[in-house]
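Asker: So the chains spell out like this:
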Amino acid sequence: MTLQMRAPAPSAALHESPSMTSPAAPLVRFRDVRKNFGALAVLKGIDLDVAPGEVVALIGRSGSGKSTALRCVNGLEKVDGGELTVCGRALHSGTVDLRELRQDVGIVFQSYNLFPHLTAEQNVTLAPRKVKRIGKGEARDLAAEVLAQVGLADKAQSYPEQLSGGQQQRVAIARSLAMHPKLILFDEVTSALDPELTGEVLKVIERLARGGMTMMLVTHEMAFARSVAHAVVFMHQGKVWESGKGEMLAHPQTVELRQFVGNGL
Amino acid sequence: MLGLTIEQIAYLFRGAGWTIVLSLLGFVGGTLLGLPVALARSSQSRLARALSGVLVQVVQGIPLPVIMFVVYFGISIGGFDVPALVAAGVAMTLYAGAYLGEIWKGCILAVPRTQWEAGECLALTSTQRFVFVILPQALRIAVPPTVGFLVQIVKNTSYSVVINFFDLTYSAKVINNSTFRPFTVFTIAALIYFAICFPMSLLASRFERRLHRG
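As you go down the protein sequences, you meet chains A and B in turn.
Here the numbering used here is used: the first residue of the first sequence is 22, the next is one more, and so on.
Here the numbering used here is used: the first residue of the second sequence is 1377, the next is one more, and so on.
Certain hints may be false.
As the list claims (entries may be wrong) - Listing some non-contacts, in silico: residues in chain B with all C-beta distances to chain A over 10 Å:
no. : residue
1   : Ala-1386
2   : Ile-1572
3   : Glu-1584
Stated by the list, open to error - Only some residues are given here: those of chain A computed to face chain B with a beta carbon under 10 Å:
no. : residue
4   : Glu-121
5   : Arg-123
6   : Val-126
7   : Phe-130
8   : Ser-132
9   : Pro-137
10  : Ala-148
11  : Lys-151
12  : Val-152
13  : Ala-193
Derived from the structure by calculation, the hints contain no laboratory data.
We put the CB at the ideal spot given by N, CA and C, even for glycine.
So that you can see chain A by itself, here it is in the shape it has in the complex (with noise of 0.2 Å):
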């Protein structure tokens, strides 16, 4: 993949909305996923597709199994029954390289976890420069790149601490950005914000959907995961309760989401 392929505005040609199309591959493919802590079943059949170019939302209370499934997506948790594709790659086999499959699938933690000893650009050149070895110039450009998407370009030199929670946040897109993923997971990145502060980390998350990025989010953002999300999925009690588009939160069918979008807004 090269680097012009996420530049900020890609030909209508590479990423025409998933909406309008069906796409023959799914990116993300859940049938029927399981995952127990111990005697603890958290997902109990899991059934979810992720075209290329979607974004889909992941909402629910806390303890429905929706930051789980999310992790399960990169291989943070190891599934314990059923089928998960992911970017062609079968990941209830067991014998999936995990390297391989987190440079085609970033992630954002709610937590930020930037390197605080390491400046914005580094942060976001470590794993260009090691794991796909490119040479020194190369990684500043990318940096620049990356740190320009994120409205960043002038930080490139700061360290963590220097910044606020969510230029750090914004940094932390810019580096799963580096890696040119497939994909990119978000979980709960707006928790530990202000909502000022969540308002410019959401505005990032926009654009990248516009650019034709695909995305899962946990998010408790219900008016960003209905304007912004092709998709919303409602997961209840480790299982997808109701899913649609965003105006299904609008119109609830199940008395579960009725509860939590009462409670949510």
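Put chain B on the given structure of chain A with help from the hints.
Answerer: Same frame as chain A, but now just chain B:
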């Protein structure tokens, strides 16, 4: 001067020189032993943790002078005649290695687990994660307690007097035996020890402050 001849004072300083040599041996040997101990103590492997734990507990449970005796006479029983410097060096290595290993284990574990996870999610190998993500953060934490422990190493080399290693304490004992001026002689020895240790303590607390300033 102070009732001592220049030669006698020079003799004390020669002893001080060997104190520094033994301290350096202890620190270098302790580092070579302490690093693998720290890695084993903080590793995922239960076996590595247990084995290194035994070493640490044994060394920490035995007084240093006794370790010196055991090493010195233990090697001679095997039929080898070792110089006191070698025996003292081995004993200091064991002592410093066990303590530095524990100190550095704490520094490695003090780096949040989420840092490992972040490195893992960027497709770094476990060695790359340790070298580029964990180690630099652990080193920063490790500098103040390590420099602080150097002071302990210097002071504890004085136990090598039990196996007649010619260090500052031993030379002070010899001069005292010929001059019968214990207060003068041991005060000079004390001042020399202090002159070696105090700058290191200062350095340690300066590193400490820098660390907390961020």
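Asker: Checking each numbered hint in turn, tell me which of them this model violates, lowest number first.
Answerer: none
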